[in-house]
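Colleague: Protein chains in written order, with the working numbering: chain A, 1 to 215; chain B, 1 to 215; chain C, 1 to 215.
Hint data in this document are derived by calculation from the structure and do not stem from the laboratory. All residues carry an ideal CB built from backbone N, CA and C; glycine is no exception. Check the hints yourself; a few may be wrong.
[As the list claims (entries may be wrong)] One side of the interface only, derived from the structure: several residues of chain A facing chain B at Cβ under 7 Å:
| id | residue |
| --- | --- |
| 1 | 49 |
| 2 | 171 |
| 3 | 209 |
| 4 | 212 |
| 5 | 213 |
[To be verified] Label pairs and their in silico Cβ distance ranges:
| id | chain 1 | residue 1 | chain 2 | residue 2 | range |
| --- | --- | --- | --- | --- | --- |
| 6 | B | 114 | A | 161 | 30 to 38 Å |
| 7 | B | 44 | A | 116 | 29 to 37 Å |
| 8 | B | 75 | A | 48 | 49 to 57 Å |
Residues per chain, in single letters:
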Amino acid sequence: MGFDSVLKFFLPKDRVFYGLFEEVAASLVQMGNTFSKALREEDLSKRDAILRTLEDHEHKNDEITHRIFIELGQNFITPFDREDIHYLATALDDIADYIWGAAKRIVNYQIDDQYNTLPAFAEIISKSIAAINTSVYALRDMKDLRAITEACVLVNSLENDADDLLDSTMLKLFSSNISAVELIKQKDIYQMLETVTDKCEDAANVVESIIIKYS
Amino acid sequence: MGFDSVLKFFLPKDRVFYGLFEEVAASLVQMGNTFSKALREEDLSKRDAILRTLEDHEHKNDEITHRIFIELGQNFITPFDREDIHYLATALDDIADYIWGAAKRIVNYQIDDQYNTLPAFAEIISKSIAAINTSVYALRDMKDLRAITEACVLVNSLENDADDLLDSTMLKLFSSNISAVELIKQKDIYQMLETVTDKCEDAANVVESIIIKYS
Amino acid sequence: MGFDSVLKFFLPKDRVFYGLFEEVAASLVQMGNTFSKALREEDLSKRDAILRTLEDHEHKNDEITHRIFIELGQNFITPFDREDIHYLATALDDIADYIWGAAKRIVNYQIDDQYNTLPAFAEIISKSIAAINTSVYALRDMKDLRAITEACVLVNSLENDADDLLDSTMLKLFSSNISAVELIKQKDIYQMLETVTDKCEDAANVVESIIIKYS
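Looking at chain A on its own, in the form it has when it is part of the complex (with noise of 0.2 Å):
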């Protein structure tokens, strides 16, 4: 019997969902960084190939959400409310699932981004990831409830960023003479970036009613 197993064998059983939200936080945090580089380079062969590593990043995320629920079926006792583990992993995949899904799009339509759109979004969802990793870590001891609250109200204002980006860029689209086909493209994955924010505000939410809860 390792010193792992040792450990785990004293642990109390539900005192594992706060490393597991750790190791999907800390996961994302790379996914937003990963996205954010991939969108400053000037490179598009360079920038594609950046992009396409985001798929392994999300199937990686797929698997610790798997062992979340996974837990959650075998653990009577969670340290917190089970449907709000339910609502933060569901909320925290998502934001994988819709930056991979607009990774991918990215590299297949090859859109002229010409309002430097990507990039900005890229900065929002970085910013708003690295709140949620620090108000997920702040959730182990719930000792810092000021840093979660701000975090929480900054990942709100981001959203509200996030959307007026999505709006200014569609109205200089739609003023702009590129074809219908290229707009369709561009709002496509535009609507994808401003979605993982809404993501980003879900997960939020859920911990903001946790810290409620318990404070």
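Given the structure of chain A, go ahead and fit chains B and C onto it with the hints provided.
Modeller: Here is chains B and C on its own, set in the frame of chain A:
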């Protein structure tokens, strides 16, 4: 200690939820009426000015919804199942979000609503919100169950009307000579308005499931 | 008192749910098969006549789902967690809604499905529904857990296939010469069909989470 505080002190804490849901419902009724009024306005700059006021309504709605979630976190005892409060608050909040989302796009895109689809949607939405308002107010004493059920049936039937309106409008647009870009704009707005009625249906379904449990 | 009533009287009330879920699953199998059959039909007016019959299926499905929610409200004891019943019923209902939504648009839009995307989607959907049917029937006695798990894994893999089919079709369409309006129509239908497989995955995930808890 003012009268309000005294009242709040004696008020069973769980009854707070009725008041909050009634506030959301009343605010939605106002939104629905303002939206209808705007779309009957022939002067477009007046119309847009009215539509822009919906942003404040949406913010107010957000705040009440936030208070519901805070109360939900702090109250161990709730008048109906915790998840029903969560679902109902979310559905009502979504109604406000999608109305404002559509209003913003109507102002921004300046579409040519040649088949008068917008006022037709506004009428369906107003009726649907009125029925939800009836059902939410009836939750407090649970006396008139028939009225609640009838209101929920009406919301479901109005959702079907919105679905048919979307279908028939899209068919007309597809066989018209409008440009693809104009078609994209109109489809975007009409789909958001149809989603408003989906969210109304979600809210009505929650109310119905509550009265089934307590009757 | 007929034999049925006697049976119902002695039947533990919570077992009612198995029968209702089996009814929904069987009705979905019929929908999937009818949809596939229609899309293999070369005579378009015959095809449309078959597709139109799906509306009745969808109504029937609605009614069974409604009965599940009524039972859920009236039964204090349920065979598995109340929220799992809620999630499963909702996911199964969404499958029917999106199939009918797509069928209606196929009839209305008369698209030129030049890459045979529709029959390919219909096949994926039929297989996915068949796997869900297997897993729902196996819930009743929970004996063959391996069969349930395999069915759920299959549904997940079929969802990936649908995703890939949507991606590759969109790529072909974007590099084809079809008009933007035709592209909008086709994208609308194919996305709805991909959503059908998302809803199948949601249903499979609920079934999987149920067997984890009870095994």
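Colleague: List in ascending order the numbers of the hints, as given earlier, that are violated by the structure.
Modeller: Hint check: 1 fails alone, others pass.
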